[in-house]
Amino acid sequence: MRRLPKPSPELARQVLAPLSFKRRLVGHRLHPRLGAIPVSLYSLDEIVAFLSDVYAQLDLDDLQAWARDSIADHELAAAISAVAASDSSPFNKNQRLRMLLETRLHQCRKISL
Amino acid sequence: MYGHTGKILRVNLSTAKVSDLATKNYESWVGGHGMGSAIFRDLARDKTIGPFDEGNVVTIMTSPLTGTLAPGGASRTEMQGIGAQSSPIGWFTRSNVGGRFGAMLKYAGWDGIVIEGKASVPVWLDIRNDDVKIREAGRLWGLDTWETQRQIWKQVTGGADWAEVETEKGRGRTTQKPAVLAIGPAGENRCRIAAVIHDAGNAAGQGGFGAVWGSKNLKAISVIGTQSVSIADPKALLEARAWAQKNFTLDVDDPAAMTGSRSVMGNIQFRSLSSFGSAPVPAVFWPRSMPHRPQACVGCPAGCRTRTASGLGNESSCAETAIYTVFDFKKNAGPLTHLLNRIAERAMGDLGVMVVGMFSKKPRDNSYKATDLAQRLGINAFELFKGIPYMRDLYKMGALGPGKSIACDLDFDDLGSLDFARKLLHAIAHREGIGDDVADGFYRAAGKWGRLDEDLASGLLPYPYWGLPDHYDPRFQVEWGYGSVMGDRDINEHGLNMLFWMPTAAQIFGIKPFMSAEEAVGAFTEKMEPYAGDPLMLDYSEDNMYSAHVAKTVAWHRRYTRFWKQSALFCDYLFPDFMNAASADKRGLTGVAEPKFLNAVTGGDLSFAGGIELGRKIWNLDNAIWTLQGRTRDLVRFAPYIHRTPLRGTALVPGRVNGKWAYINAKGRKVSEEKFEQWKTNFYELEGWDPKTGWPTRKTLAALGLPAVADELDAAGKMGKD
Numbered sequence: 001m002r003r004l005p006k007p008s009p010e011l012a013r014q015v016l017a018p019l020s021f022k023r024r025l026v027g028h029r030l031h032p033r034l035g036a037i038p039v040s041l042y043s044l045d046e047i048v049a050f051l052s053d054v055y056a057q058l059d060l061d062d063l064q065a066w067a068r069d070s071i072a073d074h075e076l077a078a079a080i081s082a083v084a085a086s087d088s089s090p091f092n093k094n095q096r097l098r099m100l101l102e103t104r105l106h107q108c109r110k111i112s113l
Numbered sequence: 001m002y003g004h005t006g007k008i009l010r011v012n013l014s015t016a017k018v019s020d021l022a023t024k025n026y027e028s029w030v031g032g033h034g035m036g037s038a039i040f041r042d043l044a045r046d047k048t049i050g051p052f053d054e055g056n057v058v059t060i061m062t063s064p065l066t067g068t069l070a071p072g073g074a075s076r077t078e079m080q081g082i083g084a085q086s087s088p089i090g091w092f093t094r095s096n097v098g099g100r101f102g103a104m105l106k107y108a109g110w111d112g113i114v115i116e117g118k119a120s121v122p123v124w125l126d127i128r129n130d131d132v133k134i135r136e137a138g139r140l141w142g143l144d145t146w147e148t149q150r151q152i153w154k155q156v157t158g159g160a161d162w163a164e165v166e167t168e169k170g171r172g173r174t175t176q177k178p179a180v181l182a183i184g185p186a187g188e189n190r191c192r193i194a195a196v197i198h199d200a201g202n203a204a205g206q207g208g209f210g211a212v213w214g215s216k217n218l219k220a221i222s223v224i225g226t227q228s229v230s231i232a233d234p235k236a237l238l239e240a241r242a243w244a245q246k247n248f249t250l251d252v253d254d255p256a257a258m259t260g261s262r263s264v265m266g267n268i269q270f271r272s273l274s275s276f277g278s279a280p281v282p283a284v285f286w287p288r289s290m291p292h293r294p295q296a297c298v299g300c301p302a303g304c305r306t307r308t309a310s311g312l313g314n315e316s317s318c319a320e321t322a323i324y325t326v327f328d329f330k331k332n333a334g335p336l337t338h339l340l341n342r343i344a345e346r347a348m349g350d351l352g353v354m355v356v357g358m359f360s361k362k363p364r365d366n367s368y369k370a371t372d373l374a375q376r377l378g379i380n381a382f383e384l385f386k387g388i389p390y391m392r393d394l395y396k397m398g399a400l401g402p403g404k405s406i407a408c409d410l411d412f413d414d415l416g417s418l419d420f421a422r423k424l425l426h427a428i429a430h431r432e433g434i435g436d437d438v439a440d441g442f443y444r445a446a447g448k449w450g451r452l453d454e455d456l457a458s459g460l461l462p463y464p465y466w467g468l469p470d471h472y473d474p475r476f477q478v479e480w481g482y483g484s485v486m487g488d489r490d491i492n493e494h495g496l497n498m499l500f501w502m503p504t505a506a507q508i509f510g511i512k513p514f515m516s517a518e519e520a521v522g523a524f525t526e527k528m529e530p531y532a533g534d535p536l537m538l539d540y541s542e543d544n545m546y547s548a549h550v551a552k553t554v555a556w557h558r559r560y561t562r563f564w565k566q567s568a569l570f571c572d573y574l575f576p577d578f579m580n581a582a583s584a585d586k587r588g589l590t591g592v593a594e595p596k597f598l599n600a601v602t603g604g605d606l607s608f609a610g611g612i613e614l615g616r617k618i619w620n621l622d623n624a625i626w627t628l629q630g631r632t633r634d635l636v637r638f639a640p641y642i643h644r645t646p647l648r649g650t651a652l653v654p655g656r657v658n659g660k661w662a663y664i665n666a667k668g669r670k671v672s673e674e675k676f677e678q679w680k681t682n683f684y685e686l687e688g689w690d691p692k693t694g695w696p697t698r699k700t701l702a703a704l705g706l707p708a709v710a711d712e713l714d715a716a717g718k719m720g721k722d
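Residue numbers (the working numbering), protein chains in the order written: chain Y, 1 to 113; chain W, 1 to 722.
FYI, nobody ran anything at the bench for these hints, they're computed from the structure.
Please read these numbers as outputs of a predicted model, since none were measured by experiment.
Beta carbons: idealized from backbone N, C-alpha and C, even for Gly.
You can trust all of the hints, since none of them are fake.
Estimated spans, in silico, between C-beta atoms of each pair:
id : chain 1 : residue 1 : chain 2 : residue 2 : range
1  : W       : Asp534    : Y       : Ala82     : 43 to 49 Å
2  : W       : Asp585    : Y       : Ala65     : 46 to 52 Å
3  : Y       : Arg109    : W       : Thr681    : 58 to 64 Å
Bound conformation, chain Y alone (with noise of 0.2 Å):
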């Protein structure tokens, strides 16, 4: 997996921003039972919450769009960028984005301390 970079504290701050209702991301949880249910996800912790769900289903446009737009994040939207390109089932990208960004995630909390 790629190794990102030590993020800068204005980053750091960015990425560990919540997200207004206009910039939120929706994902899917699948389930047999109850369908395809929306979640609305608001910050960078929940969106590696909900990744942790076996059937998450998150569009990966609009993470990198998210990744590269909302939070100004370029080095972790060409990482997104890379698990979404690679040959690999969509639980398994799944999974490596969620610990790409807990990555992320850790860095920015790190720094922020």
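Given the coordinates of chain Y, assemble chain W onto it according to the supplied hints.
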């Protein structure tokens, strides 16, 4: 007919009169929903009344299978009457509850209960075999559903571990507790999203029957019985059970059987959906697993819920267990997941990551406790499941909160905590603050807040029909949406969902689907009598989703479920079983099993197709009642977001591409408003209803043996044109 006890308990709460109806007068409907609809039509003189009118009639019906050993068919109880939840009209509707109530009712000698009128003071109904008393419930009023049951158990058994009950032949003894249906504060306060609860987690949730009971001052019905169910051919029933087990169930004691499509990975395609051949996986969605054992309703092999070592979340399943899961997890998941992932990936690669993904969640029990609280207060969990995220979005939008246009003093930053759950659920059940708005359902609350049009247009409020929450989206699971809007409620019938779940789950994990699209369509449609052999019924492509073929799909589904699931009362968890990982040819037992079990019990010779035809009669009777209530074709509409916003997320369903079958992705799809209108015409014509109004016609009703229903429609000026 064998399987019946011969009498239906009739209780008029206004006059305190207890009498009975002869089951034989309704025997042609077999049981459950069919009987309930027929009794409602006979006894509810004015069908245009509201849910809280004294004239509303509530039926609680069993089937011949109830209390027997028919797998997945022995425990369901069907509740009907004019509901409080739907909009713009509280439709004549249904709900259904499992557990042991229906079986105990049969053991007490009753095929069902009919509740009429309204008590002047709170009461509960005490049934001990033939001895039936209406008792004052002043002491119980205000208690939650669990405490109500405890008090009743204590009173009926005298605190002993067994009970002695009078029978016709003397005295009977049982170690069983009475089976109790009860409402909580939500029902007492006429919350339109109030449920009727039985034991810890069985709920008749949809329809708002908790509120209807509350309006009748009916707190609970308790039943204890010491008799049994007469079965026409006990040997045939046991042989049918052995046949199902041998040919259609997974042998969990045989490791060699757990390979290929029957392995853990293969079973992902069957988990929690209708199949006897699935591994026994409880349908619970807690953020973490606690030590537990499976728990099942009477006579059922599935064990779709759990009893936990902690005692939390007992008997709740499905959406009930998901109302707080996301928020609990969001608030409480920690860095442990990250650490475990790193270790697991290094040690086991992708497999390690997957295992951690499934199990490495930080222990919290808020979601269990929130669910238990909803059951105790008697609130319909499915409304909470869809409505709490809606409230959170409004809060994030800045529309809801302290000093906002929607005044609310709840701290949504604390969502996921137990304190938040307690405050919200108590506010709803007791109609306090914002809870007073939500108590009437999130659809009505959105209307009160002035947000209904905007949020139904965007889909922020995912309520596609009749003011009721979305379940399976009509933009891909077509028959679910069409069937719901043509009926009275979210159908909550999972019989055809495997056609979505099986390929979609396979795609998620990068494994081969259990069946190709063409194979799957064949396996399903070969059983769909009287339309068997038309594969286009299950072509979910946009080119076909408005066709006469799909009208047949919806008609078949309405008929199958009205009879086999809601009247014979086979459980949705196991029936219909079209596709089965444990059977030699991948085909399930549907088509053969249903009549095999029913006929063994009744001694009749009803065929599978005969049951579906009886389902058509029941479906027509229901449509006649809705017509009398005010249903017209123009009312049958989806919320605007179904037509205007594209489906997000991947949903694979079978369909034809350039004439060849494939699993196609419905992502991005909308339902065309104009084409849906054409589909409605196709459907009405297929059913023999007037396409202009959607009303039944005399010709169709007469052919079904329902001339009196036609007369009633005629008298009301609501007869469709032939």
